[in-house]
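Chemist: Chains as they are written, first to last, in numbering that gives the first Met the number 0: chain A, 0 to 611; chain B, 0 to 281.
By construction, these hints were calculated from the structure, which means they are not laboratory data.
As the structure is a computational prediction, the values presented were derived from the model and not from experiment.
Just so you know, even glycine gets a beta-carbon here, dropped at the ideal spot from N, CA and C.
Hints may be right or wrong, so weigh each one.
What the hints assert, rightly or not - A partial selection of chain A residues facing chain B, derived with a Cβ cut-off under 8 angstroms: (1) P66; (2) G67; (3) L190; (4) G291; (5) L295; (6) I298; (7) I299.
To be verified - Once the Cα atoms are required to be at most 27 angstroms apart in a straight line, the calculated BS3-like pairs of lysine-lysine come out as: (8) K24(A) to K41(A); (9) K258(A) to K3(B); (10) K247(A) to K3(B); (11) K67(B) to K237(B); (12) K149(B) to K21(A); (13) K149(B) to K23(A); (14) K149(B) to K24(A); (15) K607(A) to K24(A); (16) K3(B) to K253(A); (17) K3(B) to K239(A).
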Amino acid sequence: MVYGLWFMANSAFAAERLIEVKAKKFVYTPNIIKVNKGDTVKLRLISEDVHHGFFVDGYGVKTSAHPGQEGSLQFVADKAGRFNFRCSVTCGALHPYMIGYLYVSPNYLFWGGAFLVIFLGLISLISALRKKQKDERLKLFGIIPLDWRFPVTKFKPVRALLKSRWFPLLPIIFNLFVFTIILMAGFIGGLSAGNYNFGVMIVWILWWVLLMTFMVPIIGRFWCMMCPFPLIGDWIQRGKLVNVGRQKSWGLGKRWVSKWRNLWPLVVLFWVSTWFSGFFTVKPFATFVLLGAIILIAIITALFFEKRTFCLFICPVSGFQGLYSNFSLFGVRSRDPEICKKHVPKTCVVGSEKGYGCPWMELPYEMNRNTYCGLCFECLKTCPYDNMDVVLRPFGQDLFAERRRTDDVYNRRGTDEAFKALTMIGIFLSFFLAFQGPFGHLKDMVTAKTFGGYLGYLSESFSVDFLLLPGLTLLFAYLSKKFSGNKEVKLKQVFVNFAYCFVPVGLAVWAAFSLGIILPNGSYLLHIISDPFSWGWNLFGTSSIPWTPVFTGIMPYLQVLATAIGLLFALDFGYKFSLRTYATVEEAKRGWVPILVFLVGVHIFFIKLFTG
Amino acid sequence: MNRKLTVILITVTLLASFGGLVYYGFRYSRGFPVKIEQEVRPVVEVPFLEKEIDLAQGISPEVWDSLKPEEVKLMYQVTVLPWPKMKDVIEPVSVKAFHSRENIYFYFSWKDDTEDRMHEMNKFSDACALMFPMDEKAQPHTIMMGFLGKVNIWQWKASQDREYWQNESPQTKAYVDFYYPFEDKELFPVSRHVSHSPVNDLLAIRVGTVTAKDSQEVLGRGLWKDGLWQAVFKRSLKPLNPEEGAPFNAGKILSALAVWNGARGDRGGRKSISDWVELNIQ
Numbered sequence: 000m001v002y003g004l005w006f007m008a009n010s011a012f013a014a015e016r017l018i019e020v021k022a023k024k025f026v027y028t029p030n031i032i033k034v035n036k037g038d039t040v041k042l043r044l045i046s047e048d049v050h051h052g053f054f055v056d057g058y059g060v061k062t063s064a065h066p067g068q069e070g071s072l073q074f075v076a077d078k079a080g081r082f083n084f085r086c087s088v089t090c091g092a093l094h095p096y097m098i099g100y101l102y103v104s105p106n107y108l109f110w111g112g113a114f115l116v117i118f119l120g121l122i123s124l125i126s127a128l129r130k131k132q133k134d135e136r137l138k139l140f141g142i143i144p145l146d147w148r149f150p151v152t153k154f155k156p157v158r159a160l161l162k163s164r165w166f167p168l169l170p171i172i173f174n175l176f177v178f179t180i181i182l183m184a185g186f187i188g189g190l191s192a193g194n195y196n197f198g199v200m201i202v203w204i205l206w207w208v209l210l211m212t213f214m215v216p217i218i219g220r221f222w223c224m225m226c227p228f229p230l231i232g233d234w235i236q237r238g239k240l241v242n243v244g245r246q247k248s249w250g251l252g253k254r255w256v257s258k259w260r261n262l263w264p265l266v267v268l269f270w271v272s273t274w275f276s277g278f279f280t281v282k283p284f285a286t287f288v289l290l291g292a293i294i295l296i297a298i299i300t301a302l303f304f305e306k307r308t309f310c311l312f313i314c315p316v317s318g319f320q321g322l323y324s325n326f327s328l329f330g331v332r333s334r335d336p337e338i339c340k341k342h343v344p345k346t347c348v349v350g351s352e353k354g355y356g357c358p359w360m361e362l363p364y365e366m367n368r369n370t371y372c373g374l375c376f377e378c379l380k381t382c383p384y385d386n387m388d389v390v391l392r393p394f395g396q397d398l399f400a401e402r403r404r405t406d407d408v409y410n411r412r413g414t415d416e417a418f419k420a421l422t423m424i425g426i427f428l429s430f431f432l433a434f435q436g437p438f439g440h441l442k443d444m445v446t447a448k449t450f451g452g453y454l455g456y457l458s459e460s461f462s463v464d465f466l467l468l469p470g471l472t473l474l475f476a477y478l479s480k481k482f483s484g485n486k487e488v489k490l491k492q493v494f495v496n497f498a499y500c501f502v503p504v505g506l507a508v509w510a511a512f513s514l515g516i517i518l519p520n521g522s523y524l525l526h527i528i529s530d531p532f533s534w535g536w537n538l539f540g541t542s543s544i545p546w547t548p549v550f551t552g553i554m555p556y557l558q559v560l561a562t563a564i565g566l567l568f569a570l571d572f573g574y575k576f577s578l579r580t581y582a583t584v585e586e587a588k589r590g591w592v593p594i595l596v597f598l599v600g601v602h603i604f605f606i607k608l609f610t611g
Numbered sequence: 000m001n002r003k004l005t006v007i008l009i010t011v012t013l014l015a016s017f018g019g020l021v022y023y024g025f026r027y028s029r030g031f032p033v034k035i036e037q038e039v040r041p042v043v044e045v046p047f048l049e050k051e052i053d054l055a056q057g058i059s060p061e062v063w064d065s066l067k068p069e070e071v072k073l074m075y076q077v078t079v080l081p082w083p084k085m086k087d088v089i090e091p092v093s094v095k096a097f098h099s100r101e102n103i104y105f106y107f108s109w110k111d112d113t114e115d116r117m118h119e120m121n122k123f124s125d126a127c128a129l130m131f132p133m134d135e136k137a138q139p140h141t142i143m144m145g146f147l148g149k150v151n152i153w154q155w156k157a158s159q160d161r162e163y164w165q166n167e168s169p170q171t172k173a174y175v176d177f178y179y180p181f182e183d184k185e186l187f188p189v190s191r192h193v194s195h196s197p198v199n200d201l202l203a204i205r206v207g208t209v210t211a212k213d214s215q216e217v218l219g220r221g222l223w224k225d226g227l228w229q230a231v232f233k234r235s236l237k238p239l240n241p242e243e244g245a246p247f248n249a250g251k252i253l254s255a256l257a258v259w260n261g262a263r264g265d266r267g268g269r270k271s272i273s274d275w276v277e278l279n280i281q
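With the sequences and hints as input, model every part of the structure.
Modeler: Here is the structure:
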């Protein structure tokens, strides 16, 4: 009966809504439309500049309007929630990101998502409060021991593959071919719309999405393994492409400045590279300039500095891959430390006739974190005892690895990694609001329509990335310390330890963001693989396939799911960090509460971003 | 020392090469400039003749024989795939004109193997049109008639000619447009009634805005004989409403022509068009 009354109440208010929407590069006015479930929406689309479309995610209905003509659309809003409406006709550089929001009340998904976040928080709290003593062996979700490992290289074909000098050279050469086409397409494409350009689509739609949804969370620095950018530098340094050449780098072979042998340069460089996101993610020529500059810097760095200095301390996308790969399922580790201890000289460091000493300047024989391991597998090739393995392990194992090298800041858990984790969240926020939000003024700011607006974007980015998020984290770390009652532990240590909660969180929200890119825009890929240079080719018969968004109806659900998974890991890891930070279980419980509240609050905000 | 020098040389070379590439790419990032030879605009003389033509009696070939024709080249207007081959473009149109201080007359003739006066399912009427820019500064090209400014268009259609002069009823009751929601608020209703005439007197301000005028001021008549169409337009020299009709003051004004070959499937935007033609009104 209650359901009946509720249903009648909702039905009784069903109305006919006549909405006039004006479309202009790259914003709709109104950009937010609110209706009730059951309403009949009659929409009139007016273009104020060029041909624009109007497609409603989840409903699959669309219309378009030329300037001077109008498009009309009628549908019954029978699905509740928030649905993006987006331009369906290529209208300029930011066309894929011309978005508005349609709210069909009641928004069950948002309230459901928020409830789920609070529910997970409560479960975590109850589980923490019930803890009587510290576990001797850390377990992921209390099930899988975090130190569990399974060496996949115990399978002979896998080891043979990784020991071959052609691996990972062959994937690198394949990617070199792909990136040559990307650079050519970017150069030829000029300032045309990016959604029909091979360079823009492969790099910023396919590569970025694969990186954030698969490569980094599962395999870690999988992309670094097959990245073609350092190939020329390697060749110059070694004198050989396939076989083993010089162990000592040709060139000046300088050592990178000691105080910058950490993630700080990468924190800053990635942040600086996002200043230009409004250009290189949408304009082919800007993509060419960015990638060309990165390749150039990679080569020049190889001439001046030793080994993979560029990958370690300069490449803008290396930092988050390094940090996030500590969460990944795979890693390269030594099998028996005793064998390594006795092995002199350590060929994984100095090299042998089978391979090079670690190009990433790690000490593979005692490596216990993935941050600086580029998965080149040279250590597998050089180890005469086959004592190096690629291991499968639980997610996040490395986040609990203790510091081993005390002589160097190179391999530590520190503020550089903490800031990397936090700035990645801030950059996600900026990207989401600018590229998947309905706000035209933000798109204008990111694309530097006015100099003042652009400065505003840079200021906002700096404030959020380096002040607001670290500030909030520091505030809750301070509360955590206060609540714990522990006066010995340093606030910096509390801040750094809990900042690692944002590693799974960052991966999750970037994966959710990536879904918002690939599902609506993935079909453009079918066009560009058949016609990479826009010369009218049809190599695979797919160039005439029209724009076809897929699964945009369930996209918000998938984004909520990704966010919730991120929170699950953050809660599980967070309490373990608390136990490590504070001396006693009681202190850890009390210290955990403010951080838990912070994480729950942040995730409700994310749910709001994706669905509310 | 040698190695240091080599490294620096390689670095400088790489930087210079990349800088050059970026400069070149940015310079031509909006495409390469294309040189187009500007053709000399055809000039159609519009002399004063103390003559009037009664179109009810025919197109009066004897009047037109005394005037010098101007050949105007046409090109096919690219609209939808499949684009027709260039060889299908209609051959040049022969244009003549004069005025009698009361009325202005235009004469078109062009080759067309078939006389298409019917407008039925999958059959399209032959037609021709004149377009006059109403704005002071016309854009350099006429492609997408009306896209770039306000224009007055006169379109003679063989099917309407047949209905008007031979008093034959239309072959079909089908309507090309339909009313859709918000019609009342349309600025340019697409289904407005066009007055019964061989010539549609139209206005447009950009693509998709072609609209029949309230006052249809232009009369016309066509004659097909031996694979040749001849069509004549007639209108008062001064328009009823200067805001809606092309003015014909003494001096040079611009005009553009269009021809539809119904047998080839031309209709709507599928037609052959000319670039601007100058009318020298004496």
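Chemist: Give a verdict on every hint.
Modeler: So, going through the hints one by one against the coordinates:
1. For P66(A), the interface hint holds, the least distance from its beta-carbon to any beta-carbon of chain B being 7 angstroms, beneath 8 angstroms.
2. Taking 8 angstroms as the C-beta cut-off, the interface hint given for G67(A) holds, the closest approach to chain B being about 5 angstroms.
3. At its closest, the beta carbon of L190(A) sits 5 angstroms from a beta carbon of chain B; the interface hint therefore holds under the 8 angstroms criterion.
4. Proximity of G291(A) to chain B holds as hinted, the smallest CB-CB distance being about 6 angstroms (cut-off 8 angstroms).
5. Here the hint on L295(A) is kept, as its CB sits about 5 angstroms from the closest CB of chain B, short of 8 angstroms.
6. The restraint placing I298(A) at the interface with chain B holds, with a minimum CB-CB distance near 6 angstroms, inside the 8 angstroms limit.
7. At a threshold of 8 angstroms, the smallest CB-CB gap from I299(A) to chain B is about 5 angstroms, leaving the interface hint in force.
8. Straight-line distance between C-alpha atoms of K24(A) and K41(A) comes to about 23 angstroms, which keeps the hinted pair within the 27 angstroms bound.
9. Of the pairs offered as hints, the one joining K258(A) and K3(B) holds, with about 25 angstroms between alpha carbons and a cut-off of 27 angstroms not exceeded.
10. Between K247(A) and K3(B) the alpha-carbon distance is near 16 angstroms, which keeps this suggested pair within the 27 angstroms criterion.
11. With a CA separation close to 24 angstroms, the supplied pair K67(B) and K237(B) stays within the 27 angstroms bound.
12. At roughly 23 angstroms between alpha-carbon atoms, K149(B) and K21(A) fall within 27 angstroms of each other, so this suggested pair holds.
13. Between K149(B) and K23(A), the direct Cα distance comes to roughly 23 angstroms. Compliance with the 27 angstroms bound is thereby established for this hinted pair.
14. Between K149(B) and K24(A) the alpha-carbon distance is near 25 angstroms, which keeps this suggested pair within the 27 angstroms criterion.
15. Annotation: proposed proximity of K607(A) to K24(A) holds, straight-line Cα distance about 26 angstroms (limit 27 angstroms).
16. A threshold of 27 angstroms between alpha carbons decides the hint, and for K3(B) with K253(A) the separation of about 12 angstroms falls inside it, so the pair holds.
17. Distance hint between K3(B) and K239(A) is fulfilled; the C-alpha atoms sit about 21 angstroms from each other, no more than 27 angstroms.
The earlier numbered hints are all upheld by this structure, with none contradicted.
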